[in-house]
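Novice: Sequence:
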Amino acid sequence: MMEVKAVIRPNKLPALRTVLIETPGFPGMTVSKVEGCSAPSKLGKANIKDELTDYSAKVRIEIVCNAEIAPALMDKIVSICQTGQMGDGVVYASP
Numbered sequence: 002m003m004e005v006k007a008v009i010r011p012n013k014l015p016a017l018r019t020v021l022i023e024t025p026g027f028p029g030m031t032v033s034k035v036e037g038c039s040a041p042s043k044l045g046k047a048n049i050k051d052e053l054t055d056y057s058a059k060v061r062i063e064i065v066c067n068a069e070i071a072p073a074l075m076d077k078i079v080s081i082c083q084t085g086q087m088g089d090g091v092v093y094a095s096p
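Adding 1 to a residue's 1-based position in the sequence shown gives its number in my numbering.
These are computed hints drawn from the structure, not numbers from a lab.
Note that beta-carbon positions come from the ideal geometry of N, C-alpha and C, so glycine has one too.
Be aware that a few hints might be false.
Listed below are the simulated SDA-like cross-link pairs for lysine to any residue, each with C-alpha atoms no more than 25 angstroms apart in a straight line [what the hints assert, rightly or not]:
#1 Lys59 / Phe27
#2 Lys34 / Val60
#3 Lys13 / Gln83
#4 Lys59 / Val92
#5 Lys77 / Val32
#6 Lys6 / Asn67
#7 Lys77 / Gly29
#8 Lys34 / Asn12
#9 Lys13 / Val91
#10 Lys13 / Val79
#11 Lys13 / Val32
#12 Lys34 / Ile81
#13 Lys13 / Ser57
#14 Lys59 / Val79
#15 Lys34 / Thr19
#16 Lys13 / Ser95
#17 Lys77 / Thr19
#18 Lys59 / Gly85
#19 Lys13 / Pro28
#20 Lys77 / Pro11
#21 Lys6 / Tyr56
#22 Lys13 / Ala71
#23 Lys13 / Gly85
#24 Lys6 / Gly29
#25 Lys59 / Thr84
#26 Lys6 / Ile81
Label-pair ranges, simulated between beta-carbon atoms [as the list claims (entries may be wrong)]:
#27 Tyr93 / Tyr56: 14 to 22 angstroms
#28 Gly26 / Gly88: 24 to 32 angstroms
#29 Gly85 / Pro15: 13 to 21 angstroms
#30 Thr31 / Gln86: 22 to 30 angstroms
#31 Asn12 / Ala68: 27 to 35 angstroms
#32 Ser57 / Pro25: 32 to 40 angstroms
#33 Val32 / Tyr56: 17 to 25 angstroms
#34 Pro96 / Tyr56: 28 to 36 angstroms
#35 Pro72 / Thr31: 16 to 24 angstroms
#36 Ser80 / Gly29: 18 to 26 angstroms
All chains, please: the whole structure from these sequences, using the hints.
Specialist: So, in structure tokens, the structure goes:
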């Protein structure tokens, strides 16, 4: 068994939910509202807008699933939720 966790932008949740529900073997998920910030950048913050964007409301998703399906779920989370901008979030798995 694996636990897949992701911290994503709240506006990405509806699209992600639709894709995950259509995935064979998807066991369901827990969704929580969270807040946080990333580690300080080596380059520093460009401006106050970047700092405020970095510390904003996010959604944490937790999925406990078979190890075989975890990589596919992680790939789908990244493909749906990644915008390429600061504050996209993080995806990781643990046994």
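Novice: Against this structure, judge whether each hint is valid.
Specialist: For each hint, the structure was consulted:
{"no.": "1", "hint": "Lys59 / Phe27", "verdict": "holds (22 angstroms)"}
{"no.": "2", "hint": "Lys34 / Val60", "verdict": "holds (5 angstroms)"}
{"no.": "3", "hint": "Lys13 / Gln83", "verdict": "holds (9 angstroms)"}
{"no.": "4", "hint": "Lys59 / Val92", "verdict": "holds (13 angstroms)"}
{"no.": "5", "hint": "Lys77 / Val32", "verdict": "holds (16 angstroms)"}
{"no.": "6", "hint": "Lys6 / Asn67", "verdict": "holds (14 angstroms)"}
{"no.": "7", "hint": "Lys77 / Gly29", "verdict": "holds (14 angstroms)"}
{"no.": "8", "hint": "Lys34 / Asn12", "verdict": "holds (12 angstroms)"}
{"no.": "9", "hint": "Lys13 / Val91", "verdict": "holds (13 angstroms)"}
{"no.": "10", "hint": "Lys13 / Val79", "verdict": "holds (11 angstroms)"}
{"no.": "11", "hint": "Lys13 / Val32", "verdict": "holds (12 angstroms)"}
{"no.": "12", "hint": "Lys34 / Ile81", "verdict": "holds (19 angstroms)"}
{"no.": "13", "hint": "Lys13 / Ser57", "verdict": "holds (14 angstroms)"}
{"no.": "14", "hint": "Lys59 / Val79", "verdict": "holds (15 angstroms)"}
{"no.": "15", "hint": "Lys34 / Thr19", "verdict": "holds (19 angstroms)"}
{"no.": "16", "hint": "Lys13 / Ser95", "verdict": "holds (23 angstroms)"}
{"no.": "17", "hint": "Lys77 / Thr19", "verdict": "holds (11 angstroms)"}
{"no.": "18", "hint": "Lys59 / Gly85", "verdict": "holds (16 angstroms)"}
{"no.": "19", "hint": "Lys13 / Pro28", "verdict": "holds (20 angstroms)"}
{"no.": "20", "hint": "Lys77 / Pro11", "verdict": "holds (16 angstroms)"}
{"no.": "21", "hint": "Lys6 / Tyr56", "verdict": "holds (19 angstroms)"}
{"no.": "22", "hint": "Lys13 / Ala71", "verdict": "holds (19 angstroms)"}
{"no.": "23", "hint": "Lys13 / Gly85", "verdict": "holds (13 angstroms)"}
{"no.": "24", "hint": "Lys6 / Gly29", "verdict": "holds (12 angstroms)"}
{"no.": "25", "hint": "Lys59 / Thr84", "verdict": "holds (14 angstroms)"}
{"no.": "26", "hint": "Lys6 / Ile81", "verdict": "holds (15 angstroms)"}
{"no.": "27", "hint": "Tyr93 / Tyr56: 14 to 22 angstroms", "verdict": "holds (20 angstroms)"}
{"no.": "28", "hint": "Gly26 / Gly88: 24 to 32 angstroms", "verdict": "holds (30 angstroms)"}
{"no.": "29", "hint": "Gly85 / Pro15: 13 to 21 angstroms", "verdict": "holds (20 angstroms)"}
{"no.": "30", "hint": "Thr31 / Gln86: 22 to 30 angstroms", "verdict": "holds (26 angstroms)"}
{"no.": "31", "hint": "Asn12 / Ala68: 27 to 35 angstroms", "verdict": "holds (30 angstroms)"}
{"no.": "32", "hint": "Ser57 / Pro25: 32 to 40 angstroms", "verdict": "holds (34 angstroms)"}
{"no.": "33", "hint": "Val32 / Tyr56: 17 to 25 angstroms", "verdict": "holds (20 angstroms)"}
{"no.": "34", "hint": "Pro96 / Tyr56: 28 to 36 angstroms", "verdict": "holds (31 angstroms)"}
{"no.": "35", "hint": "Pro72 / Thr31: 16 to 24 angstroms", "verdict": "holds (20 angstroms)"}
{"no.": "36", "hint": "Ser80 / Gly29: 18 to 26 angstroms", "verdict": "holds (20 angstroms)"}
Taken one by one, the earlier hints all hold for this structure without exception.
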